[in-house]
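Undergrad: These protein sequence lines are chains G, A and W, in that order. Counting the first sequence from 1 gives a position; the numbering used here is that position plus 22. Counting the second sequence from 1 gives a position; the numbering used here is that position plus 790. Counting the third sequence from 1 gives a position; the numbering used here is that position plus 1028.
Please note: incorrect hints may appear among the correct ones.
[Claimed, not checked] BS3-like, lysine-lysine: derived pairs with alpha carbons at most 30 Å apart:
| id | chain 1 | residue 1 | chain 2 | residue 2 |
| --- | --- | --- | --- | --- |
| 1 | G | K94 | G | K379 |
| 2 | A | K895 | A | K856 |
| 3 | A | K895 | G | K94 |
| 4 | A | K895 | G | K431 |
| 5 | G | K379 | G | K431 |
| 6 | A | K895 | G | K193 |
[Said to hold, decoys possible] DEER-style ranges, computed between Cβ atoms:
| id | chain 1 | residue 1 | chain 2 | residue 2 | range |
| --- | --- | --- | --- | --- | --- |
| 7 | W | Q1063 | G | D473 | 33 to 39 Å |
| 8 | G | A60 | W | Q1486 | 34 to 40 Å |
| 9 | W | D1445 | G | A73 | 25 to 31 Å |
| 10 | G | Q495 | W | A1042 | 32 to 38 Å |
| 11 | G | Q189 | W | R1420 | 36 to 42 Å |
| 12 | A | E847 | W | A1042 | 56 to 62 Å |
| 13 | G | R192 | W | R1091 | 43 to 49 Å |
| 14 | A | A848 | W | E1237 | 40 to 46 Å |
| 15 | W | Q1486 | G | Q495 | 37 to 43 Å |
| 16 | A | E911 | G | Q189 | 48 to 54 Å |
| 17 | W | E1054 | G | Q189 | 52 to 58 Å |
| 18 | W | Q1063 | G | G268 | 49 to 55 Å |
| 19 | G | E470 | A | D874 | 35 to 41 Å |
| 20 | G | R348 | W | D1445 | 54 to 60 Å |
If you are wondering where the hints come from, they were derived from the structure by calculation, not from laboratory data. Even glycine gets a Cβ: it sits at the ideal position worked out from N, Cα and C.
One letter stands for each residue in the lines below.
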Amino acid sequence: MTVGAPTIDPDETRTIFQRGAPGRRAFVCPPSEVPALAPAEVLPERLLRQAPPRLPEVSEPEIVRHYVGLSKRNFDLDSGFYPLGSCTMKHNPRLHERVAALSGHARLHPLQDPERAQGALELMWRLERALSELAGLAHVSLQPSAGSQGELAGVLLTRAYHEDRGQQRRKVLIPDTAHGTNPATVAMAGLVTVTVQTNADGGVDLDDLRAKVDDDVACLMLTNPNTLGLFDPNIVAIASIVHEAGAILYYDGANLNAVMGISRPGDMGFDIVHFNLHKTFTQPHGGGGPGSGPIAVSDRIEPYLMVPRIVRYDDGHFELSEQAPRSIGRLRGFQGNFGCFVRAYAYICSLGAAGLKDVSEVAVLNANYLLARLSEQGVAEYLPRAYGQLCMHELVLSGAPMRRELAVKTLDLAKRLLDHGFHPPTVYFPLLVEEALMIEPTETETKETLDAFADAVAAILAEAASDPEILRQAPHTTPVRRLDEATAVRSPVLRERLADAPREPAHAG
Amino acid sequence: MAPASYPQDLLYHPEHDWARIEGDEATLGITWYAQDVLGEVVFFDLPSVGTVVSQGEAYAEVESVKAVSDVIAPLSGEIVAVNDALAAGPQAINEDPYGDGWLVKIRLADPSGRESLLDSESYAAGLTSTTGQA
Amino acid sequence: MSRYTAATDDDRQAMLDAIGVGSVEELFARQVPDQVRLRGELALPDGLSEQEVYGHLRELAQRNVSTEQEISFLGAGMYDHYVPAIVDMLCERSEFLTPYTPYQPEVSQGSLQVMFEYQTAICELTALPVANASVYEGPSAVASAAYLAKLHNGRPRFVVSAGLHPHSLQTLRTYARGFDAEIVEVPLIADGADAGSAEAPDGGRTDVERWREAIDENTCAAIFAQPNFYGVVEDAAALAEAAKQPARGAPANGAGAAPPVVIAQVDPITLGILRPPGDCGVDVAVGEGQALGGRLDFGGPSFGLFAAREEFLRRMPGRIAGETRDVDGRRGFVLTLQTREQHIRRERATSNICTAQALNALAGTVYLSWLGRHGLVELGELLMARTEYARRALEAIDGVRTLYSAPVVRELALQIDGDIPALRRACADRGVNPGADIQALTGRAADNGGLLVAITEQRTRADIDRLVAVIGSAIAQQRASAAAGPDAGAPREAVPA
């Protein structure tokens, strides 16, 4: 650990655009084998690029060294504990990468004749059936590209459902604990968010819900368990209040990892569910994507589902169908993130019914064990749990006493955890918990890892009492230390300054 | 950053905004407390001169790295000047919230609006009663 | 214990003791109301061993015909380009594959710098000054750009070229329901109706005069594709200029009303050849990134590129990486301008999107570095030469003509005198996938008999010659069958259950 002046190696942060030399290259163009044709013979000059794009001029070994070097400046799930609340950072089995890379999957063109893509369509159909069973809802569309797009699908479906009944319902109820995607989605779908308060137990405030439900409400979007890691004990009452008003119940499946085989959204009364395949069904997160956000819906929502849909005939033959006159249409190109479907399907095949239930059981066991360890003396005084006695798959603590008594913020604790080799939890969310830490250990972590994490938190708090400055200056052992984010916003530098004079648009409108 | 202060010569809106009334015009800004909660201000989306603002309603946004806050008009009126210097130097809101960090000047629409505002002491008292919650 | 959990019976007991509950069941019983508990087990098969799962998925994969198993001329949005080995090798590294979004920049400099490099590359390709770290994929990127325009000027109408990819148009229609906006389609110039400048014929390009007439003070955005869905190179500068100038003789574009936002969906592989959108007056350029080192994956995941003029920076969706310094003065990168995003601005966010397509964008960045400054141009020239070769050879077949005569880069729309599904089957039986059925995608009556043929560097001259041979014999066969009688060679119909 170096706390003193660092040795700054300018080479470390040089971008690929600052490497190489004119004339250097990795690509060798195959011979054209056909009569030569200069673009200018076919296209007038005003349609042609005037100078080659200033892409890097580098050799293949330079590219490999550069990106391998960059990779070493990342923390990753394969290297250590990554308890990001709400993100479900569980182990990524390498089998999934192997089966996704089979040429019959990876090199299958999306417009291949369905006759010649029967294996892919069958895989998608089987995944749909499995997700349907997990949701307790009969119909599934795999199309949405991510949870956020699944949400948009859900709200647009809700709109279509009401409009088909001649109703223009404008409001969507969202608890104040919700992910920011929920209200952002509502705005994109042209509706208005109405916030529902959280009660003293961390659940939906039923009085506030009753006060806000009326015949202008299109739906309630709910995460259950919610972002406090709590299963709403009033879910049956919530569903009945919403349904009585003629509104739809939307389930944000971000926290489905807590309830597989335990409880199903359809059985709770929800009409629409989105899944995050990249969370619950363990896709590698790739440093921020890709993901996949299929939705499951009830019978009354089904007519509006996106196209294309997979149709299975009695002889076991599959087709893609666009025949759905009341469909909201499509949300993206082709059939969705098939590469993610392969991985999720492999995961479901590996675990089966009992294994998926075991996932949720151990996820909840691990979270409660970690909650118990973090309730020990020396920790709980500074980081009390925000609500409740038990939790589901994740736990939320408040760093408010730590801030008050030790003058150390949740951010400082998070940064110090980096020096201990742990990725910090989600911090400052949910918004209604002051100095929040949101911890989701997942089922794939061992008891030893949970113990080591709890010990590290205790050690850091002890350190905070004696030498808080170490926390305030943390991290000390990472490739860079705290970064000036304010300057990054005030004077944005969003691309490399390239050697030639920057080009100006010829047609400044 | 300046130390905490709530000057006596200003009037305050409970949403952490201040007004300095001079004749039929008022200068508006956000309080020391507001900028402290926000953290380093990185962007102020300047409203246009001529915009009409209403007491108690948002007329602009101020942003830090990870938060956006509505700026509430403590009084009603029409914007007659905006602090253009904030476009290049929004940190003035942190460094001098009652001076160089002023946001807009308005021509007052309704002189009686001031009666619902707080003086320095009442505003500061309200702050201590709402801070320190777990 | 299932495959990926680690809690032994002893572990479970020790953990339950520490929690102070008697069983795992008690954890649920105390939290989940009885009325909503699942009775019994999930109706799913039992779990399988790793080798059984591999065997099952391999068997499914073998029932698909990949581009390794036939000579495929399919394109229409996704293309079978060669993916260099270093792309796979780098994307498989744990350090790029398994982290989350870089929320802790001190331990995410690798991913953040890749985003910064990616943004640099996209800005350079498009000649636009700002780019985000990518969005989901191509067609939804068009809809995201439309939302940017909606937030920018709030107007109720999108004017769209009929040359936009049908999936982009359909996606935009779905999203536009949420924006309460209408969509006006501007047709392409029909071949033969060609005024045709001396330098190049216009058939297949967006009709600039009708485009100009369709745009007024209620137009939120004007959207076209370059090249368009039919492979045709548009006069992008003319479209952008027309969108920004009121129609001659039409009422003035409102007193000083700002012009609509001009959005182009671009194919990045053509940007070594074609004048970049930023130089044509385009405000926002979006596109499907799969061609840049991405797998086909039966349609995804890939990435959507998104670049814009500076004035739209604060309306951009998605993640953006920026350069800064750490407390010791070291260069570093962070996610920046985050107040645009849903986790902060919630219902007033510029989009509901959370993540980028970081891993796919990494593949794109590595691919562009591998191609390099001259490689993208050379590749574009190769594609143009081979496509021109294919055009001449295909046009020489009796019963085949090009649907449009305006120049193309890497994809060619044919008009075939015959039944396209039957032709595709006949070709497939001889190991060639001749391309996409245009009418199946667009649903337009005028596209009946249309076949979209895509050329990549992986399709050799011999492959093209083979394509010409099998299309020629398939057409001859159809004609022979038609002459023989109406029932012969009728397409097989599947009978729904």
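Undergrad: It remains to establish, for every hint, whether it holds in the given structure.
TA: Comparing the hints with the structure gives:
1. For the hint linking K94 of chain G to K379 of chain G, the alpha-carbon distance of about 36 Å lies beyond 30 Å, and the restraint is violated.
2. Restraint check: the Cα-Cα separation between K895 of chain A and K856 of chain A comes to about 27 Å, which is no more than 30 Å; the hinted pair holds.
3. This hinted pair does not check out: K895 of chain A and K94 of chain G have alpha carbons roughly 52 Å apart, beyond 30 Å.
4. For the hint linking K895 of chain A to K431 of chain G, the alpha-carbon distance of about 37 Å lies beyond 30 Å, and the restraint is violated.
5. Distance restraint check for K379 of chain G and K431 of chain G: the Cα-Cα separation of roughly 37 Å exceeds the 30 Å cut-off, and the hinted pair is therefore not satisfied.
6. Annotation: proposed proximity of K895 of chain A to K193 of chain G is violated, straight-line Cα distance about 36 Å (limit 30 Å).
7. Checked against the hint of 33 to 39 Å, the pair Q1063 of chain W and D473 of chain G passes, with Cβ atoms roughly 36 Å apart.
8. For A60 of chain G paired with Q1486 of chain W, a C-beta distance near 23 Å fails the hint of 34 to 40 Å.
9. Checked against the hint of 25 to 31 Å, the C-beta distance between D1445 of chain W and A73 of chain G comes to roughly 43 Å, which is inconsistent with it.
10. Hint check: Q495 of chain G to A1042 of chain W, Cβ distance near 37 Å, so the stated range 32 to 38 Å holds.
11. The beta-carbon spacing between Q189 of chain G and R1420 of chain W, approximately 59 Å, falls outside the hinted interval of 36 to 42 Å.
12. Between E847 of chain A and A1042 of chain W, the C-beta spacing of about 58 Å keeps the proposed range 56 to 62 Å intact.
13. Remark: the range hint 43 to 49 Å for R192 of chain G to R1091 of chain W is upheld by a beta-carbon distance near 47 Å.
14. For A848 of chain A and E1237 of chain W, the Cβ-Cβ distance of about 45 Å falls inside the hinted range of 40 to 46 Å, so the restraint holds.
15. In this structure, Q1486 of chain W and Q495 of chain G break the distance hint of 37 to 43 Å, their C-beta atoms being roughly 54 Å apart.
16. Against the hinted window of 48 to 54 Å, the Cβ-Cβ separation of E911 of chain A and Q189 of chain G comes to about 52 Å, which satisfies the hint.
17. Against the hinted window of 52 to 58 Å, the Cβ-Cβ separation of E1054 of chain W and Q189 of chain G comes to about 44 Å, which falls outside the hint.
18. Distance hint check for Q1063 of chain W and G268 of chain G: the Cβ-Cβ separation is about 22 Å, which falls outside the suggested range of 49 to 55 Å.
19. At roughly 59 Å, the beta-carbon separation of E470 of chain G and D874 of chain A lies outside the given 35 to 41 Å, and the hint is violated.
20. At about 37 Å, the beta-carbon gap between R348 of chain G and D1445 of chain W misses the expected band of 54 to 60 Å.
Violated hints, in rising order: 1, 3, 4, 5, 6, 8, 9, 11, 15, 17, 18, 19 and 20; the structure is consistent with all others.
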